[in-house]
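Protein chains in written order, with our numbering: chain A, 80 to 248; chain B, 267 to 401.
Think of the hints as simulated: they come from the structure by calculation, not from any bench.
Cβ coordinates follow ideal geometry from the N, Cα and C atoms, glycine included.
Be careful, since some hints might not be right.
[Claimed, not checked] Computed, partial: chain A to chain B, Cβ under 8 angstroms:
1. D181
2. I185
3. A231
[Unchecked claim] If you anchor each label on the Cβ, the simulated ranges turn out as follows:
4. A:E113 with B:N372: 31 to 41 angstroms
5. B:R353 with A:M219: 11 to 21 angstroms
6. A:E229 with B:L349: 20 to 30 angstroms
7. B:R382 with A:E113: 11 to 21 angstroms
[To be verified] Some chain A residues near chain B, calculated using beta-carbon distances under 8 angstroms:
8. P93
9. D125
10. A227
Spelled out from the first residue to the last, the chains are:
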Amino acid sequence: MADDLQTLLDTLAPLLVDGSPHAVALGFRLERIEPGLAEMRARYRDDLIGDPDTRVLHGGVVTALLDHACGLAAFAGLGGKDATATLDLRLDYMRPAEPGRDVVAIARCRRASGLFAFVSAIAHDGDETDPIATAAAAFMVSRVSQEAAEKARRAFGKSATPISKVEEE
Amino acid sequence: MSPLGPLLSSPYVRTMGVRFDGHGDELTAILPYAESLVGNPLIPALHGGAIGAFMEIAASAALLAGTRLAALPKPIDVSVDYLRPARPQDVYARGIITRQGARVANVRVEAWQDRRAAPVAALHGHFLIKPEGGQ
Numbered sequence: 080m081a082d083d084l085q086t087l088l089d090t091l092a093p094l095l096v097d098g099s100p101h102a103v104a105l106g107f108r109l110e111r112i113e114p115g116l117a118e119m120r121a122r123y124r125d126d127l128i129g130d131p132d133t134r135v136l137h138g139g140v141v142t143a144l145l146d147h148a149c150g151l152a153a154f155a156g157l158g159g160k161d162a163t164a165t166l167d168l169r170l171d172y173m174r175p176a177e178p179g180r181d182v183v184a185i186a187r188c189r190r191a192s193g194l195f196a197f198v199s200a201i202a203h204d205g206d207e208t209d210p211i212a213t214a215a216a217a218f219m220v221s222r223v224s225q226e227a228a229e230k231a232r233r234a235f236g237k238s239a240t241p242i243s244k245v246e247e248e
Numbered sequence: 267m268s269p270l271g272p273l274l275s276s277p278y279v280r281t282m283g284v285r286f287d288g289h290g291d292e293l294t295a296i297l298p299y300a301e302s303l304v305g306n307p308l309i310p311a312l313h314g315g316a317i318g319a320f321m322e323i324a325a326s327a328a329l330l331a332g333t334r335l336a337a338l339p340k341p342i343d344v345s346v347d348y349l350r351p352a353r354p355q356d357v358y359a360r361g362i363i364t365r366q367g368a369r370v371a372n373v374r375v376e377a378w379q380d381r382r383a384a385p386v387a388a389l390h391g392h393f394l395i396k397p398e399g400g401q
């Protein structure tokens, strides 16, 4: 069962970030997706700097990275079937990221049941034990996101086999 | 230089395409629609992270417009409530400074699209500020 979910997530992985124009525009890359866990990287880029004097990435980049990583962890936590809508996202900015370094977000789904998923995440710039930011987010499966997931399944066509397999179980 | 100068020269703010519209003491931040802001093209809805980031920019703008600051405000913590899916069109936001101390300010921001009375998201957060001439 868990292996099936992993197969499904592996199948969907290319879509989960590259299917989102904003994530692509900011250069996000999916590093890891497992049942209830997502890891994503934002490459350091000059056009994402917040303050030219310090050359630190804008807080908004970290916000978008954590939001996306949390959404993926919720998706994976809920069984990879339904897209989710974010209810809220709370961020603590522990310290500025080091200029020049990539930022990596690691999001873990703490609990997922039925319609809701609760996720916590950290963002770090090289050392997981010294995060630059932490986040807590709540998600729900909304009607709008369910319709979108249905469209995605249809668009995915033949390679959707793993999805139907999961649904039947 | 306009009090919003430090924000206007921020590479990320320019990448996002954020503009500002000030009338007297009312300041509206504008996030013009671009395809690159879309989070999920199947709904379609703007990326929640883009909305959150835009509201952080709107909060900074409210602080810069209200007091002469020696540097851009830095977020300490922010909390974003997503109230409606943001459609693929322009987003507007206004910030209100709830309380401003010597170093920390509490700001609330609301973002909306068609109707201001139907916000798509709300943010509140604390920002570290460095007033000009201060310590």
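Going down the list of hints, with the structure as the test:
1. Taking 8 angstroms as the C-beta cut-off, the interface hint given for D181 (chain A) is violated, the closest approach to chain B being about 16 angstroms.
2. Because the closest C-beta pair between I185 (chain A) and chain B is about 16 angstroms apart, greater than 8 angstroms, the hint is violated.
3. Given the 8 angstroms rule on beta carbons, the hint for A231 (chain A) holds: about 6 angstroms separates it from the nearest Cβ of chain B.
4. A hinted range of 31 to 41 angstroms holds for the C-beta pair E113 (chain A) and N372 (chain B), which are about 38 angstroms apart.
5. For R353 (chain B) and M219 (chain A), the hinted distance range of 11 to 21 angstroms is satisfied, since their beta carbons lie about 19 angstroms from each other.
6. At roughly 24 angstroms, the beta carbons of E229 (chain A) and L349 (chain B) sit within the given window of 20 to 30 angstroms.
7. At about 42 angstroms, the CB distance of R382 (chain B) to E113 (chain A) disagrees with the hint of 11 to 21 angstroms.
8. Restraint check, P93 (chain A) versus chain B: the minimum CB separation of about 15 angstroms is more than 8 angstroms; hint violated.
9. The closest approach between the C-beta of D125 (chain A) and any C-beta of chain B is roughly 6 angstroms, which is under the 8 angstroms cut-off, so the hint is satisfied.
10. About 4 angstroms separates the beta-carbon of A227 (chain A) from the nearest beta-carbon of chain B, less than 8 angstroms, and the hint is met.
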